[in-house]
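Line by line, the protein sequences are chains U and P. Sequence positions in the first sequence follow the numbering used here and run 42 to 389. Sequence positions in the second sequence follow the numbering used here and run 42 to 389.
Wrong hints could be hidden among the right ones.
One copy or two, it doesn't matter: identical chains are merged, so the pair holds either way.
To be verified - Listed below are the simulated SDA-like cross-link pairs for lysine to any residue, each with C-alpha atoms no more than 20 Å apart in a straight line:
#1 K238 to D262
#2 K83 to L165
#3 K123 to L250
#4 K123 to N249
#5 K123 to P277
#6 K83 to N249
#7 K123 to G278
#8 K83 to T208
#9 K238 to H217
#10 K123 to L103
#11 K238 to P261
#12 K238 to R93
#13 K123 to D232
#14 K83 to G236
Hint data in this document are derived by calculation from the structure and do not stem from the laboratory.
Protein chains: 2
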Amino acid sequence: MANLANRFGSNPILAPADLAPSAPGMRIECLLNPGVFRFSGKTWLLVRVAERPEQNPGITSLPIVGETGQIEILEFNNDDPKLDRDDPRVIRYDGREYLTTMSHLRLVSSTDGIHFEAEPDYGLLSGSGPLESYGIEDCRVAQIGDTYYLTYTQVSQHGVGVGLRTTQDWHTITEHGMMLPPHNKDCAIFDEVIGDKYYVLHRPSSPNLGGNYIWLAESPDLVHWGNHHCLVHSRPGMWDSARVGAGAAPIRTSEGWLEIYHGANHGHRYCLGAMLLHPEQPRRVIARSVEPIMEPVEPYEQQGFFGNVIFTNGHVVDGDVLTIYYGASDTVICGAQFSISQILDSLS
Amino acid sequence: MANLANRFGSNPILAPADLAPSAPGMRIECLLNPGVFRFSGKTWLLVRVAERPEQNPGITSLPIVGETGQIEILEFNNDDPKLDRDDPRVIRYDGREYLTTMSHLRLVSSTDGIHFEAEPDYGLLSGSGPLESYGIEDCRVAQIGDTYYLTYTQVSQHGVGVGLRTTQDWHTITEHGMMLPPHNKDCAIFDEVIGDKYYVLHRPSSPNLGGNYIWLAESPDLVHWGNHHCLVHSRPGMWDSARVGAGAAPIRTSEGWLEIYHGANHGHRYCLGAMLLHPEQPRRVIARSVEPIMEPVEPYEQQGFFGNVIFTNGHVVDGDVLTIYYGASDTVICGAQFSISQILDSLS
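Isolated chain U, as found in the complex (with noise of 0.2 Å):
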């Protein structure tokens, strides 16, 4: 087993309680899967932070965005027949499906890129129209030029797609709405040009024929996509059986670009691999992790709102070491270091 991984000695970095609720009656429930950054000399992590309403005996209570923007509070009794309360994630009532949580994302920074510390001069972001009325998840940061290009869950009753907002100075933000549609998620835009093509990784999931793959689509203007291809499948049988997708942007390494993933087997458990795609042709993918990098093994690793989850969309680079950010049981962000070129062995 290839466990690569040197772990951040002060895991986890950031919980719940390290925040303020977004609004009064909120409880932040889990601090999860930031996208990375840096800007004005520091290092940023756009913390994915869910909420809930605090929750009264007998009563099991979300929030939504409402048709004005504002946040509004839905209220089920517990002992409802039509309730379904199974997964701590989602609730089905009548045939229609809720969010326990509704998650925004926040703003932290850091001079030494251990320590963050909130950024309240900055405005967080919201769910914004009808396609996130159910919140934004798992942002991924991507830098081209001074434009910095977030790529994020957009979770609705119209589906789970991906939304795409670009900003230069994290004051002024652009909504340019939906770039994939459902059910898509994990996208990562390759931070370079290709040819004259802007790249994109991202992970459609299909009801049937087909699964929770990685695929590749290219675009003139990052905004309209097309030309879409299928570049690995989950894989029966081994630690990525039911599900792969993207973390942060491919990394140029001398041997083409590696990408960080995560894969999770039928029992939720997610582990990180990597992979490793043609400079030129990123739809070959040259080399795969056969065992993952990193596996969840610490206790904060294993145990949380849904325990044995390591899930990382964001990280930077110094030379050989790569510090990605995790969310490590959908509860907390973590950090650990790697040897890019300890990955890449691992992958020859």
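Use these hints to put chain P onto chain U, whose structure you have.
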């Protein structure tokens, strides 16, 4: 009940026996869901032809396109407990799904719009490459300027998505890959720009949170698509409770864009309805059929490979007369005429 269709007296107008199989040992099982266009002074259908190998006793044989582009035959013993043949359209074996038939597209033409003949001077359109290894299906044909845009369903083990090909002369056909990723089908391009953008209707499907709904997307170039928006849902308790999907290109009328769409209930009964979109802002749904405008009532619409199905994805417009061509019971091709003004009246 608003049944507004005047069926052709000669229905069905094309049946499997009317065309020759594409190769020795293959049998045409069904003719389905033609794209329709005018070219060279005639009306043309681009018919979906579903074939399967001649079946031997006790064995289920099915075709796929192999790595080299040649058709390969897979065989399963009917006694094998891993084999699931409950659905006439899909074979399940050991957790993997295959189609019982493989479809290609065939050109037929007519001078009167009723009597169609094969066009042997034109090649058939077959699956090509890894995303079409289970065939291609249900092509819409939009004409913009001198170019025909073919949007069709690509089927493979990687998933079900929308492919794009273009042609001007129906001899040289250019492939543009997958334009909408899985799970997606029922894709109809508007045959005019609105403002400065191209638009398309499409139908993603979600394994959870969402459903089989009709969406709208925008493009600068007809190849790359973004800014997806959900237009209409299936409607619980109604004739279109389980799934809805666009027919052919929307029809410009004085009141807006008229779209004929199909809806199915949970009993897989497929009917046709209409919706009206705002002429300049196609995101705005002005009206939608409460009752179907056409239902499967004729024997050839109720009995066949998959009965109780009428499905259209092609039409021609002459003044107030809308002539649709449609697949009936997934077996034969039929025609029917409507008055556009009567459909509009039924929506008001």
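When no copy is specified for K123 and D232, does a C-alpha distance of 20 Å or less occur within a copy, between copies, both, or neither?
neither (46 Å within a copy, 45 Å between copies)
Identical-chain pair category, K238 with R93, by Cα at 20 Å:
neither (41 Å within a copy, 40 Å between copies)
Measure nothing new, just compare the shortest in-copy and cross-copy C-alpha distances for K123 and P277 to 20 Å and report within, between, both or neither.
For K123 and P277, the Cα distance is within 20 Å only across copies (16 Å; inside one copy 35 Å).
K238 and H217: within-copy, between-copy, both or neither at 20 Å Cα
For K238 and H217, both the intra-copy (19 Å) and inter-copy (15 Å) Cα distances are at most 20 Å.
Within, between, both or neither: how does the pair K123, G278 come out at a Cα-Cα threshold of 20 Å?
Answer is between; shortest inter-copy Cα gap is 17 Å, intra-copy 35 Å.
Checking an output row: K238 and D262, CA cutoff 20 Å. Within, between, both or neither?
Close inside one copy (8 Å) and across copies (14 Å); limit 20 Å.
Using 20 Å as the alpha carbon limit, work out where K238 and P261 are close: within a copy, between copies, both or neither.
both (6 Å within a copy, 15 Å between copies)
Homomeric proximity label, K83 with L165: Cα distance no greater than 20 Å:
within (18 Å within a copy, 59 Å between copies)
At most 20 Å between C-alpha atoms: does K83 with T208 qualify within a copy, between copies, both, or neither?
This pair counts as within: shortest intra-copy Cα distance 17 Å, inter-copy 52 Å.
State whether the alpha carbon distance between K123 and N249 is at most 20 Å within one copy, between copies, both, or neither.
between (27 Å within a copy, 18 Å between copies)
Between K83 and N249, at a C-alpha cutoff of 20 Å, which is it: within one copy, between copies, both, or neither?
Answer is neither: 45 Å inside a copy and 39 Å across each miss the 20 Å cutoff.
Regarding K83 and G236, is the shortest C-alpha distance of 20 Å or less found within a copy, between copies, in both, or in neither?
neither (31 Å within a copy, 43 Å between copies)
Consistency with the previously given hints fails for numbers 6, 12, 13 and 14, ordered from lowest to highest.
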